[in-house]
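Quick mapping for you: the protein sequence lines, in order, are chains Y and Z.
Reading the first sequence from the start, the letters are residues 1 to 269 in this note's numbering.
Reading the second sequence from the start, the letters are residues 270 to 538 in this note's numbering.
Calculated directly from the structure, the hints in this document are not laboratory data.
All figures in this text were calculated on a predicted structure; none of them were measured in a lab.
Do not take every clue at face value.
Here are the simulated distance ranges between beta carbons [as the list claims (entries may be wrong)]:
{"hint": "1", "chain 1": "Z", "residue 1": "Thr-350", "chain 2": "Y", "residue 2": "Ala-201", "range": "33 to 43 Å"}
{"hint": "2", "chain 1": "Y", "residue 1": "Ser-269", "chain 2": "Z", "residue 2": "Arg-417", "range": "35 to 45 Å"}
{"hint": "3", "chain 1": "Z", "residue 1": "Arg-289", "chain 2": "Y", "residue 2": "Glu-80", "range": "48 to 58 Å"}
{"hint": "4", "chain 1": "Z", "residue 1": "Glu-290", "chain 2": "Y", "residue 2": "Ala-201", "range": "22 to 32 Å"}
{"hint": "5", "chain 1": "Y", "residue 1": "Ala-76", "chain 2": "Z", "residue 2": "Arg-339", "range": "41 to 51 Å"}
Just so you know, even glycine gets a beta-carbon here, dropped at the ideal spot from N, CA and C.
There are 2 protein chains.
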Amino acid sequence: MKAEPGSTSVEVVAVRAGAREVRPETIVVEEPLELRLDDEPIAVTMRTPGHDVELAAGFLVTEGIVSDFRVVNSIAHCDETQNVVEIHTEPGASGVRRPEARHFFASSSCGICGKATLEALRTFATPLHADGVRVDAKLLEALPARLRAAQPLFHETGALHAAALFSADGALLCAREDVGRHNAVDKVVGWAALERRLPLAGTILLASGRLGFEIAQKALAAGIPVLAAISGPSSLAVELARENGMTLVAFLRGDAWNVYAGAERIQFS
Amino acid sequence: MKAEPGSTSVEVVAVRAGAREVRPETIVVEEPLELRLDDEPIAVTMRTPGHDVELAAGFLVTEGIVSDFRVVNSIAHCDETQNVVEIHTEPGASGVRRPEARHFFASSSCGICGKATLEALRTFATPLHADGVRVDAKLLEALPARLRAAQPLFHETGALHAAALFSADGALLCAREDVGRHNAVDKVVGWAALERRLPLAGTILLASGRLGFEIAQKALAAGIPVLAAISGPSSLAVELARENGMTLVAFLRGDAWNVYAGAERIQFS
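Given the sequences, and given the hints that come with them, work out the whole structure.
As structure tokens, then:
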């Protein structure tokens with residue numbers, strides 16, 4: 001069996017009803033990626049290799065580092081290693097928030113990076129109240145199956161997050177997988193940034209797992225009006241969605257699901 | 270229904286087979302926690318409130334900020350808010366790695382904080398080859414049910430990670446839940462630090478979700494020889510376990526599971 005890019009094979013002891021067998025097992029690849037902005041390191045993230053340029057592009061957008069993606073001149077792997085991506089911006093351009101060293105707080109669960117205070121967590125994004133898109137309820141219910149179909153690595157490794165962007169009529173625009181759920185979202189948003197499709201008005205983002213503040217914040221920064229997840233949301237994700245006019249759907253499983261914010265965008269026939 | 274601490278109730282539109290009902294739904298609370306070390310902010314993490322002092326204590330250990338927990342004089346919420354925890358160390362004590370501002374890289378999926386280079390990711394922890402503990406295979410298979418029984422918030426909200434520490438004979442020592450999987454591990458390790466039980470020789474840590482590098486690194490830093498997870502591991506977690514003599518079990522579901530490293534610690538009857 002040829003492994004997908006992003007997965008690798010290791011020898012394991014497989015235990016099945018007490019019987020043991022040494023055999024190869026496919027697992028997801030995780031490696032660090034360092035991002036450098038105009039030669040200054042700004043972030044290290046643990047990611048599944050692949051779509052690294054998109055990941056970097058998305059990170060710039062969803063973390064509010066560039067307010068206008070046109071100031072980005074180049075994003076590319078450095079010559080020496082695939083685990084470093086270098087970003088160069090237009091010299092002298094405004095609208096680049098260079099994360100000051102003092103502002104690099106750590107996070108042990110998500111990417112609250114470059115945000116210096118608790119108060120600064122709600123940042124830079126434009127509220128979405130004006131996005132008048134409507135989404136059909138039956139169409140929403142069909143999206144999880146489309147996300148699963150776009151998850152080759154998950155099928156192989158059972159250990160990946162995924163994010164998928166859909167148009168309001170349910171067309172799959174982009175799907176990405178990663179060991180980090182935030183990376184999967186950044187890769188999707190980065191795809192859109194590189195395609196000059198930002199802000200993502202009229203779109204739906206579906207996330208495979210739980211829905212915390214950071215995912216909601218990233219979707220908001222990208223201008224995505226409808227955010228849906230297979231699992232449950234956190235209180236802060238709901239709060240952020242309600243404050244900013246974002247539609248938030250969670251526990252989207254078959255025909256049983258909940259709308260936590262912005263229910264006016266969902267149309268029931 | 271009285272909500273557990275750590276959960277809250279919000280009004281949602283519940284959709285069930287096309288029918289809609291507005292009703293309260295319980296969701297997990299997520300709020301930022303800022304950690305201050307000797308009056309300097311060192312981290313912000315999104316966490317489920319509760320066991321914050323343990324979370325701070327565990328973070329100090331698993332991120333290698335203190336090499337000997339005895340240098341920690343106090344850990345307490347600040348007077349003004351429950352979302353800031355202040356840590357004070359013995360003045361002039363050695364063995365405190367004060368994260369320099371330059372070293373605070375961000376991470377959008379996990380807590381590689383205060384580690385300035387890709388090379389520095391493998392750090393400070395003592396390898397576990399010398400830990401001669403043995404664990405019975407049948408006992409391992411019984412642990413997931415014990416973890417689930419110790420997850421009141423998950424049952425209520427469906428959106429939480431959990432970590433549980435067991436002795437080699439299967440006794441539950443400590444279980445914690447959090448929106449962030451890394452926080453759940455930090456809370457457990459912090460409990461042990463405050464109980465002066467570090468390093469955690471002869472123990473088993475069971476994590477509810479996927480098993481990436483960061484969780485393996487945190488378990489290694491705490492001296493835990495056997496790490497198990499319900500879902501799949503990443504390549505870097507397996508590599509770290511193999512390099513450092515840690516036993517790594519994943520996909521622990523009923524009587525079908527895999528051993529990725531350190532199989533010599535598992536005893537089959």
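Do the hints match the structure? See the list:
1. Thr-350(Z) with Ala-201(Y): 33 to 43 Å: holds, 37 Å
2. Ser-269(Y) with Arg-417(Z): 35 to 45 Å: holds, 39 Å
3. Arg-289(Z) with Glu-80(Y): 48 to 58 Å: holds, 56 Å
4. Glu-290(Z) with Ala-201(Y): 22 to 32 Å: holds, 30 Å
5. Ala-76(Y) with Arg-339(Z): 41 to 51 Å: With a Cβ separation near 48 Å, Ala-76(Y) and Arg-339(Z) satisfy 41 to 51 Å, so the hint holds.
Checked against the numbered hints listed earlier, the structure breaks none of them; every hint is satisfied.
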